[in-house]
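Asks: Heads up: the protein sequence lines correspond to chains G and U, in order.
Residues in the first sequence are numbered from 1 upward in steps of one, following the numbering used here.
Residues in the second sequence are numbered from 1 upward in steps of one, following the numbering used here.
Incorrect hints may appear among the rest.
Said to hold, decoys possible - Okay, derived cross-link-like pairs now, BS3-like style, lysine-lysine, Cα gap no bigger than 27 Å in a straight line:
| no. | chain 1 | residue 1 | chain 2 | residue 2 |
| --- | --- | --- | --- | --- |
| 1 | U | K91 | G | K207 |
| 2 | G | K194 | U | K301 |
| 3 | G | K207 | U | K82 |
| 4 | G | K207 | G | K194 |
| 5 | G | K194 | U | K82 |
| 6 | U | K199 | U | K91 |
Calculated directly from the structure, the hints in this document are not laboratory data.
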Amino acid sequence: MESQLSRAWQSDFMWSFRRSPTAVVSFFVVLVLVLGAVFAPLVAPHNPFDPSSLNLMNGFSKPMQPNAFTGDAFWLGTDDQGRDVFSTILYGMRISLFVGFCAVLFAMVLGVTLGLIAGYSGGTVGTVIMRIADVQLTFPAILVAMLIFGIAKGFTPVHLRDQMAIWVLIFAIGLSDWVQFARVVRGATLVERKKDYVQAASLNGRKAVGIMLRHILPNVLGPVLVIATISLALAIIAEATLSFLGVGAPPTQPSLGTLIRIGQGFLFSGEWWILFFPAVTLLVLALSVNLLGDWLRDVLNPRLR
Amino acid sequence: MAEAVLSIRELVVEIPTRHAVLRPVDRVSFDIAPGEILGVVGESGAGKSMTGNAVIGLLDRPAHIASGEILLNGTRIDNLTKDRLRRVRGKQIGMVFQDPLTSLNPLLPIGEQIAETILEHLPVSRAEAESRAVAALEEVGIPAAAARIGSYPHEFSGGMRQRVVIALALCAEPALVIADEPTTALDVSVQAQIIALLKQLCRERGTAVMLVTHDMGVIAEAVDRVAVMYAGRLAEIGAVRDVLTRPAHPYTTGLMASTPLASKGLKRLNQIPGAMPPLSRLPEGCAFHPRCPQAAERCRKEPGPTLAAGGGRAACWFAREPVA
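Looking at chain U on its own, in the form it has when it is part of the complex:
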């Protein structure tokens, strides 16, 4: 495996509150290789977006990185000064947000926004940047791109706008793209197109992608590996086929069982009993044990094993051994 584009090591994000210090991200480690798409799934509040925000340095006070390392192409970026960080991450990380409505400046033509970003990061002339902006829009499938660079975001539909956002994220040739639920705000009919587009473009360029979502369909379709998060911790990580077909962590098993599939027929939807505990009231031991069908005495006392990058697959004492 080539050297990882993004390496996260034992990342801990903490939010100090009046009563306790909350840990929305707790000792999370993983790698993303060039050209690889890593899906991060979990319920709301599981720490998916927090992890993404920690990587791009957009944690809002009082949340902060308490310990751990984030390496981008081998360079630590979690402890850089604001100024250095700005130079490093802007060039190397692209971002696709959930809502294409708010991720473009409503008062600037789209071509202008893309050209500006290119100028910011690549040593090209104004004219060159503009022609690259057209090329970038063509690449994401905007019809008549050259005629539309002067259009404003409100003149595009949601799906088209998200294409523009993808063009914007990729135009500075970043090494890593973080896509935070890029299809959640879109019509079902265009979700698949957008995911396919993102996948294709990143494959072609060898861009690593961290795809945050809670849509199992998106995961199955697009990603190479999946990281499942639960209550701030990594529950399971592995190749997408393994995780989806032979989940090792009981939480993943439950998650898969509760995903409706047309082929299963219209049976009653399975669900995992209970709800994810709030961070302020995490149970002792493994955070999942109150909802876990396999919970044993050990789970009530000891938190599950912490997953190291490249190490085990599931953070469970009773994980089914992955088939090699």
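Just chain G, same shape as in the assembly:
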């Protein structure tokens, strides 16, 4: 075990990781944010959604300053209800990250599957899949996501809407993002399919599905990993945008985007921190994930080494 760990540490991958300050910094930023989100109930000073822990008198506390009425101090201030902004950010990040991860996972599974089929079988099936992808690309992703969100919401029973909102959101963002995966996987599959070992496997009597899963899929996963990382940042931003526009996460389960939308109302009355800190968190999160994705792309691309 020890030797395996040290071997992993010595690998080219880890070597180039250690040599890139950007990668190290953004990795740890992401790590801290993810851990903070996952362990929000343990880390956060308050549960912002438990009314009994709130004190309306604490409303509009400024960051790092004791409240004029109660004397309580909050790191990042409070909103109009007296909710601790730091806590709402931690809880909001949970939603944002959860939606981001699930949406990317969904987009990845869908895109990789369709890309493999399009690349391996080619012909009419492949053409139809890729034309659908092309058509979808002509619309801005956020518009597609909004459209899907709206339609999907229409199909969910009214009493389930708030509970289902998160899943509908994941579905909408995932469906708006599969094209990237499909295109890249199709391209890589076209290359891989022509290689002798794939031909040999098909000569050997392997079924097409077996060849795709066993031989082609592992060999096209490198670029998929890169796109998945960059897509994660995009998905988080897409979620925030939708929530900001009021069509995403409901106020009962506010994500970073919802927090920004709420905070936006107080911006011009001087309570800037309600908007500012969630926005900065979103920025740092998306930027770090993106930088990590860029680094990953450079490492996994043999031509740039």
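For this one, chain G is given, so just place chain U on it according to the hints.
Replies: Same frame as chain G, but now just chain U:
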């Protein structure tokens, strides 16, 4: 002669294009007996690989078999449905490709790849398949085979990798192996070893081999019979000694004359004047006549005789009669 493992009868492969229907393989017939090694030689584009691909059913659209028959152990395999074909040919045909770099999956240990193929075709347990994989690697001369089944293809040199490919091709005990230029991508120093290995293993098992190459040295060394192809047609076929020492077709004569031999000394290299015509512009009559020193009026009008399996030796009106 025992019944042929592979029989090809009047095989025609066609590629329809905008202007004409091309025939990269035109009425080719031959047999390969069990344990026999048939070399198929010719210039690039002569139809060697196309013939091989037609046999294993890997012709890429729009190329297709237009007519003729391919029989494997007496069963027609050219008109099977995709599903049936997969079951038949996988078990009975092994394939050695030109580039050992791309003929192994880079992400699977070699032992795994061999064991998987064995499991696919032979009714054995997982453990049995793995021990057979080790045995197969030992047989092709991989040192410390048992320790190396967990190694990945990139951990082997080109020659060693081609040995692994041979083990992979033979592990399911096929009746026929098609080797498409198996030594072209290798170092000269290991080419002879690989050919000798392929020859030895196939002799031991009675596996028929179709060896596609353009290397006359490989032909002289390894094969029992040679088929010479030119512009999609079989120009000459016969026992290797006869073809090499007493070529019957003028193209073979030219081919032999242009093969450099150390014993001939460092004279200027002979060549056949001109180049093989593209399939879209085949001359009328015999496709070789513009380059043929013996071309006569008849050659300009009539294509040469078509060789039947077991029939004549050279597709030339003026072929020298083979000495019986």
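Asks: G/K207 and G/K194 were given as a pair; does the straight-line alpha-carbon distance stay at or below 27 Å?
Replies: Between G/K207 and G/K194 the Cα gap is close to 16 Å, so the pair holds against 27 Å.
Asks: Under the criterion that the straight-line Cα-Cα distance not exceed 27 Å, is the pair G/K194, U/K301 satisfied?
Replies: Violated: G/K194 and U/K301 sit about 41 Å apart, past 27 Å.
Asks: Are U/K199 and U/K91 close enough, with their CA atoms no more than 27 Å apart?
Replies: 20 Å, holds
Asks: Is the Cα-Cα distance between G/K207 and U/K82 27 Å or less?
Replies: 10 Å, holds
Asks: Take the C-alpha atoms of U/K91 and G/K207, compute the straight-line distance between them, and say whether it is at most 27 Å.
Replies: Roughly 14 Å between the alpha carbons, so the hint for U/K91 and G/K207 holds.
Asks: Between the alpha carbons of G/K194 and U/K82, is the straight-line distance 27 Å or under?
Replies: Roughly 19 Å separates the two Cα atoms, so the pair holds.
In this structure, the one hint that does not hold is number 2.
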